[in-house]
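> Input sequences plus hints: build the corresponding full structure.
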Amino acid sequence: MHYFETLKYVFHVIFHPFDGFWDLKHEKKGSVAAALTFVVLTIITLAIEKQETAFLFNKNKLSELNVLVDIITVALVFILWCVANWCTTSLMDGKGKMVEIVTAIGYAVFPIPLIRLPLVFFSHFVTMDEGAFIKVFGIVSLIWAGMLVFFATSVIHEYSIKKTVVTVLITILGMGILMFIGLLFFNVIEQMINFVLTIYKEIRFR
Amino acid sequence: MKKHFKFYKLILASLALSFLFGVNSYASEPFESYSYNYWKLAVRQPYPYLYDKTFDEKDFETKLSFPDDMFFYDDSIFVADTGNSRILKLDLNGKVLMEIDSAKSKSDKLNEPRGVYVTDEGNIYVADSKNARVVEFTKDGEFVREIGRPDTTLIASNVEYKPMKVVVDKDGRIYVIAYGINMGLVEFDRDGNFQGFMGAAEVTVNKFYYIWKNFLSTKEQQERMQTIVPTEYSNIFVDKENFVYATINGLTGDEINAEKDCIRRLNPTGTDVLRRLGPPIVGDLRFSQDNWSSFKDVAATDYGCYFVLDDANGKVFTYDYDGNSLFIFGRSGIKEGNVQKPVSLVINKDASKIYVLDGVLGNIVSYKITDYGKLVLNAILLNDTGDSEGSNACWQEVLKRNSNCEMAYIGLGKTLLSEGDYKKAMEYFKLGNNRKYYSKAFYYYRKEVMEKNFGKIMAVIIVVVLGLLAVKGYARIKKWVGEVKCTTLKH
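Just so you know, the sequences run in chain order A and V. Numbering of the first sequence is given in our numbering, commencing with residue 1 and proceeding in unit increments. Numbering of the second sequence is given in our numbering, commencing with residue 1001 and proceeding in unit increments.
Rather than coming from a laboratory, the hints here were simulated on the basis of the structure. Yeah, the Cβ is synthetic: ideal placement off N, Cα and C, and Gly gets one too. Worth double-checking, as some hints may not be accurate.
Result set (DSS-like, lysine-lysine): computed pairs, CA atoms no more than 30 Å apart in a straight line [what the hints assert, rightly or not]:
no., chain 1, residue 1, chain 2, residue 2
1, A, K135, V, K1040
2, V, K1213, A, K135
3, V, K1162, V, K1240
4, V, K1400, A, K61
5, V, K1109, V, K1341
6, A, K59, V, K1368
7, V, K1430, A, K59
8, A, K8, V, K1479
If you anchor each label on the Cβ, the simulated ranges turn out as follows [stated by the list, open to error]:
no., chain 1, residue 1, chain 2, residue 2, range
9, A, I181, V, V1463, 42 to 50 Å
10, V, K1472, A, K95, 38 to 46 Å
11, V, K1478, A, L117, 29 to 37 Å
12, A, I177, V, I1461, 53 to 61 Å
13, A, L173, V, R1401, 54 to 62 Å
Structure representation (structure tokens):
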């Protein structure tokens, strides 16, 4: 299928999640490229939101913003989720492949840019008192995306609701464990490098 | 040629002068001057007060021994010279005008008086700590009366009553801080009858800590843990409106982080009404250091600005009525103009001079206000009295000297807002980081723009709606034509 058509298909997915994710998996109506586009779009949304939201609703210190932080947070969570989910579901007879997980999750986060980008624009036209709806819609976008991730997991792996809940919980736990192992790995590598360096110095100076 | 030479000379002379008097005196100031902004960052600012003079034993012609309190009244300073068990009245050159060392008779000596207060009429109140009484004198030092231990069962009989500080409000109510009594200020009526306790420092117990202590610890552990008791006040000050400012001394970093009060403004019923709209009022906000600010004394102006003395770092913190950080200056140390163990702070009538009493060295350090400090205080005063034009002029001058002054931007913004220049007001509120007023200005600005461009906006909306309808209609017609063609073809 053409890239643009797979992009357009997201509007079907977010309004008809069960049908949409099923077709994503079985009819190949989506693409990894489109999914990654949505992730990048989310990163851009967060970066723009922090800088361009109107002064009234923007409590960020502009001189201390860093786009790298946005990129790393979103990308890290995305990658961690996909890996942890793939690890757990392959042990719990899930039917989804890695590619399918990445595609589905990419499509599932689309409500965030869809709602939040226009909110940035609208924030320039409202006062503090009228600003409550900005907060509400921001939260709605997160809940929507969260529910889509949940349905995606359920449909991709052909799980019941109950099993999906358990999987999601284990996946979150798995993300934590992955983080821990990652930190441990970096720490040990650092120690090893230090060790080799010290031995090298000892021999040099002898 | 000759003219040229003269000009050259003039420049040299003025340069020399400026180095001698202008630049040098600022650079050698023995402390820094800064304040905290919206982001809770310390921002340097021009000196609001400069070191003026130190009054020591040469000026007093006698030696102070561990003095503990000071009061400013009608161009004279009263000092509680605790170690020598006497009260001294000094003039503004430090000369002793009067000395009080006994009460009812010559033999009835004061014993370590720790607090002194003078009423508007000039009557002197002394907290005579070791004698467990508050003594009143006339302005000439004649004994009037004494108020002893409060007649109440609320203080256990084995607890010593030791008055540390005393103030009297405009209605004659007497408030006493007593050592070891943590139920708040001891309150007496104008006749000296015990009325009760006021403004007890609330105990807020951390739930986690409570469970940890009472259910999860062994007896030995429990004994080693601190018992949770309310903190005591370190000093008090009565302002024009009969509200009592009270400071709390020696809080730990954990307590400050848990948002315990370091200073309160108590109304006559004992409720804290201090406005906290700025950054937290805890002194320095550097949360990583160990020597936290520790408030020892406070003095307030009639228009709600208050000066708080920090005895841990020898600094003076100034806040306005809303709790914004105005000035921070002073330092503890051994240079001239530093203090070692400050115990008390007083200001004169127009806050143009600040006196800080050093309890260890037994001297008084005075600071005098600069043009910058005067402008800021004046702007706040004028705003308080409703003279927004005068206040505006002051803020303009302040901004010339310190473009980081958020309060000046907010002050100017408010005036612009009332004048109807909404766009400019928004700009100023943005610079001053005040979202509440920005929102207000923005509301009017939006209204103004909408009213001015109502026609254009409506025109755009109508065109867009019509355009959409036209596109839709065109598609429908096309579809209908197609259908008609199909049916005709079928036939």
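> Evaluate each hint against the coordinates.
Hint check results:
Pair hint A:K135 plus V:K1040 holds up; C-alpha atoms about 25 Å apart against a cutoff of 30 Å. Restraint check for V:K1213 and A:K135: the C-alpha separation of about 40 Å exceeds 30 Å, so the hint is violated. At most 30 Å may separate the alpha-carbon atoms for a hinted pair to count; V:K1162 and V:K1240 meet this at roughly 27 Å. About 25 Å separates the Cα atoms of V:K1400 and A:K61, which keeps this hinted pair within 30 Å; it holds.
Straight-line distance between C-alpha atoms of V:K1109 and V:K1341 comes to about 27 Å, which keeps the hinted pair within the 30 Å bound. Of the supplied pair hints, the one linking A:K59 and V:K1368 is violated, its CA atoms being roughly 38 Å apart against a limit of 30 Å. Distance hint between V:K1430 and A:K59 is fulfilled; the C-alpha atoms sit about 12 Å from each other, no more than 30 Å. Restraint check for A:K8 and V:K1479: the C-alpha separation of about 24 Å stays at or below 30 Å, so the hint holds.
In this structure the hint that A:I181 and V:V1463 lie 42 to 50 Å apart at CB is violated, the actual value being about 60 Å. Between V:K1472 and A:K95 the C-beta distance comes to about 43 Å, which sits within the given range of 38 to 46 Å. Taken as a hint, the range 29 to 37 Å holds for the pair V:K1478 and A:L117, whose Cβ atoms sit roughly 33 Å apart. Checked against the hint of 53 to 61 Å, the pair A:I177 and V:I1461 passes, with Cβ atoms roughly 55 Å apart.
Take A:L173 and V:R1401: their Cβ atoms lie about 58 Å apart, and the range 54 to 62 Å holds.
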